[in-house]
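Number of protein chains: 2
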Amino acid sequence: MSNEHHEREIGAVILAAGMGERLQDKRWPKPLARVAGMSLLERTGRTLRAAGLKGTMVVVVGHRGEEVVEFIRDRKLDVRVVENSEYLRGNATSVLAALPYVPERFVVAMVDHIYSPESVRSMLSCSGSFVAAIDTTPMYADPDEATRVRVRGGLVTDFGKGIEPYDALDTGLFLCSRSALEQIRTDTDGELTWNAFKRAWLESGREIHACDISGAPWIDVDSQQELKRAPEAILDWAASGSDGFVSRHLNRKLSRRITRVLLRTPITADQASVLSFLVASVSAGLLARGAWGTGGLLVQLSSVLDGCDGEVARARLQSSPRGAVFDATLDRWSDALMLSGMASGARSRPSTLAAYAALSGALLVPYTRAKMESEFGKMPPELTRFGATRDVRLAVLALGALLRQPTATLVALGIAGNLEVARRLWGLRHAGRFGESPMTE
Amino acid sequence: MSNEHHEREIGAVILAAGMGERLQDKRWPKPLARVAGMSLLERTGRTLRAAGLKGTMVVVVGHRGEEVVEFIRDRKLDVRVVENSEYLRGNATSVLAALPYVPERFVVAMVDHIYSPESVRSMLSCSGSFVAAIDTTPMYADPDEATRVRVRGGLVTDFGKGIEPYDALDTGLFLCSRSALEQIRTDTDGELTWNAFKRAWLESGREIHACDISGAPWIDVDSQQELKRAPEAILDWAASGSDGFVSRHLNRKLSRRITRVLLRTPITADQASVLSFLVASVSAGLLARGAWGTGGLLVQLSSVLDGCDGEVARARLQSSPRGAVFDATLDRWSDALMLSGMASGARSRPSTLAAYAALSGALLVPYTRAKMESEFGKMPPELTRFGATRDVRLAVLALGALLRQPTATLVALGIAGNLEVARRLWGLRHAGRFGESPMTE
Chain A
0 MSNEHHEREI
10 GAVILAAGMG
20 ERLQDKRWPK
30 PLARVAGMSL
40 LERTGRTLRA
50 AGLKGTMVVV
60 VGHRGEEVVE
70 FIRDRKLDVR
80 VVENSEYLRG
90 NATSVLAALP
100 YVPERFVVAM
110 VDHIYSPESV
120 RSMLSCSGSF
130 VAAIDTTPMY
140 ADPDEATRVR
150 VRGGLVTDFG
160 KGIEPYDALD
170 TGLFLCSRSA
180 LEQIRTDTDG
190 ELTWNAFKRA
200 WLESGREIHA
210 CDISGAPWID
220 VDSQQELKRA
230 PEAILDWAAS
240 GSDGFVSRHL
250 NRKLSRRITR
260 VLLRTPITAD
270 QASVLSFLVA
280 SVSAGLLARG
290 AWGTGGLLVQ
300 LSSVLDGCDG
310 EVARARLQSS
320 PRGAVFDATL
330 DRWSDALMLS
340 GMASGARSRP
350 STLAAYAALS
360 GALLVPYTRA
370 KMESEFGKMP
380 PELTRFGATR
390 DVRLAVLALG
400 ALLRQPTATL
410 VALGIAGNLE
420 VARRLWGLRH
430 AGRFGESPMT
440 E
Chain B
0 MSNEHHEREI
10 GAVILAAGMG
20 ERLQDKRWPK
30 PLARVAGMSL
40 LERTGRTLRA
50 AGLKGTMVVV
60 VGHRGEEVVE
70 FIRDRKLDVR
80 VVENSEYLRG
90 NATSVLAALP
100 YVPERFVVAM
110 VDHIYSPESV
120 RSMLSCSGSF
130 VAAIDTTPMY
140 ADPDEATRVR
150 VRGGLVTDFG
160 KGIEPYDALD
170 TGLFLCSRSA
180 LEQIRTDTDG
190 ELTWNAFKRA
200 WLESGREIHA
210 CDISGAPWID
220 VDSQQELKRA
230 PEAILDWAAS
240 GSDGFVSRHL
250 NRKLSRRITR
260 VLLRTPITAD
270 QASVLSFLVA
280 SVSAGLLARG
290 AWGTGGLLVQ
300 LSSVLDGCDG
310 EVARARLQSS
320 PRGAVFDATL
330 DRWSDALMLS
340 GMASGARSRP
350 STLAAYAALS
360 GALLVPYTRA
370 KMESEFGKMP
380 PELTRFGATR
390 DVRLAVLALG
400 ALLRQPTATL
410 VALGIAGNLE
420 VARRLWGLRH
430 AGRFGESPMT
440 E
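If you're matching them up, the sequences are chains A and B in order. Numbering (numbering that gives the first Met the number 0) for the first sequence: 0 to 440. Numbering (numbering that gives the first Met the number 0) for the second sequence: 0 to 440.
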């Protein structure tokens, strides 16, 4: 069983031997060029792992290989290195050099392309002994620079730069069977590019299956210009899909600028979470002293910063359940501090009672979600419609402070939060499929 | 695939045709005798479903069959009824009458035995075309009344009442293959008990596999005396395994008495949860008015009642994720109300600040658990050691009220709760396996 499982593990060959002429930089070989705070090599590896690849990953080095190998050793990257002295003959020599070390199914990825885990995952669901991931509606790649592909009946019939007409672009991402590739004879001492290899494959009567990954983002960073555009593309696809109204229209625009800066520093996603928490703590102290203006502004700043940790984590492919728990708990603590601060600043009995209600609501809304996810695997869909997400609640808090209306704000938040908890409990009554009694129909 | 799955579904025959002479009661036929608020028939069916049985369940009726059939129709029980006019010849005729309606693998269960889902589940993991569940250390059955079993090398070699020596008791629970049972010739017009059938099975050279379910509770309710003992046994095994110190030594002893009464009423587990919440609400009101004595007592009463919902649910085999969410959320609301009530009663600024902290702690301790369970599947084991479970926190709250020390109590609860949240966050740092970066070793 474990052996069978092992056999099915998918590995990868990361092509990192080329010179990358248009990306030439004296400071580092191309695989080590940094985009959004991370080398291209690390990003490719992390992306493949994030997409679910479990098997051996082989990095084939050539040009300035020693520097790449040293980097891999320094970072203790979990990859196998193959040195290809023939890399100048073309990148197919790198694939062939890696063949003895990969499992039967393996992905071929270019180190100078940035893929999203989604794009790799899409390809893994396609079958065939030679699968090429293609994109009919590329978001970032330039059709004049990239390899074009012609497709008929799900098969690649032709490819090359500048061919006309064409159906899609070659994404540089492939899924291959080692045993099938080993059968191709390539007895040549001349040029052996990956495109030439694919042509030999087709000429031998074999098929290349086109796997359409349109919609999943990827970018080719062949030039310095593309290298500069890449961080924006990565931030685009690192944006959270579950943003509330205030996040979408205000916070994200600001958090993205901050994240762009953070990605150039060694600051981790966890540290960004702590930063948001610290700003919330300071805002709570200011509110407690009646400094409504600065306090309110810092509440909103903390809300903006709360978007950065997720962006940093996703852009660096470091999202983890551990990070999610850490961030979520600090968020709850931040909420408790800010609400307590506001009530302390108001110094009235009604505001105290309202604060108890607001605190309970602010903590119980996420509690019911976490508890349902824990018990049901996910929140029942009919219970997820709730407009007052955290960004909205914090915006109300910030606005209430700026307008010097702490008591009314706390009352409003208390009512809204607890009503939502009640609505969820009530909704459970109808969530029959979760609670049906086991012996009745 | 779905057909294959269907083929593997395990069904059941519930033997409910016998007279149950020693359980004779004019008011109802034996399958409808009520134990802990539920008929023996419903309990058997629910137990089998709770153990994971998905296939058809056949109830074989005979003696006073019309009443049983009417009951099944009234309750809309999801079972198939087979009427066995020959039931007086012995209970094997009931098994044979049910054969055409069960899937290939099926459980044979006696309606006058009470099994725990655990006992059925244990048996399902055993293989063989005729499996008898046996118990070497029966907790409730009387070795002088039950069928004894002799076992050699995992096989039943002999059985019968009063045989000496013997190795275990027959639990009345079997797992059979329909096609194998159909091959046994039983051309007789005379007595055909299940024991006689098993003997014919052995005499035909076939094997009965002994499946040891020792440790999993079950009880045989052959007599009025055993019928009276049964609720206590059920409450024994309905006790929660995760009780805190106060629960174990105080609350459970009281909640069990209350549950015993509740089980005789139609009150559901959800309603018991609401009852505990209502008592908490009243206690909060009393604390807010400074009625420390009665308020404190009601806090503890609410804590005791909080044990009843789970006991009722488990005793009636109605535990569900939905019920767990409902109960847990009401518990959080109760905590918020009682802490707010105590702080309101104290009417001092320090008590207000302490209440904010205590409220945050009381809600965040369960939040971090739910969130970790949702993200990791379960709470990391190194983070689960926490003595201040809800029963302990409520006992401190009740005692603090009785001693008229609201502020000190809130301070203590606030510190303990938030320290525990901090400890969990800190512990996350070392929960490396949850957060390891995908490309490093």
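Hints are computed from structural coordinates only; laboratory data are not their basis. Treat the hints loosely; a few may be bogus.
[To be verified] As a list, the in silico DSS-like pairs of lysine-lysine whose alpha-carbon atoms are at most 25 Å apart:
#1 K377(A) with K377(B)
#2 K75(A) with K53(A)
#3 K227(A) with K252(A)
#4 K160(A) with K227(A)
#5 K25(B) with K53(B)
#6 K75(B) with K53(A)
#7 K160(B) with K377(A)
#8 K227(B) with K160(B)
#9 K160(A) with K25(A)
Hints versus structure:
no., hint, verdict
1, K377(A) with K377(B), "holds, 14 Å"
2, K75(A) with K53(A), "holds, 17 Å"
3, K227(A) with K252(A), "holds, 19 Å"
4, K160(A) with K227(A), "holds, 23 Å"
5, K25(B) with K53(B), "violated, 34 Å"
6, K75(B) with K53(A), "violated, 49 Å"
7, K160(B) with K377(A), "violated, 52 Å"
8, K227(B) with K160(B), "holds, 23 Å"
9, K160(A) with K25(A), "violated, 29 Å"
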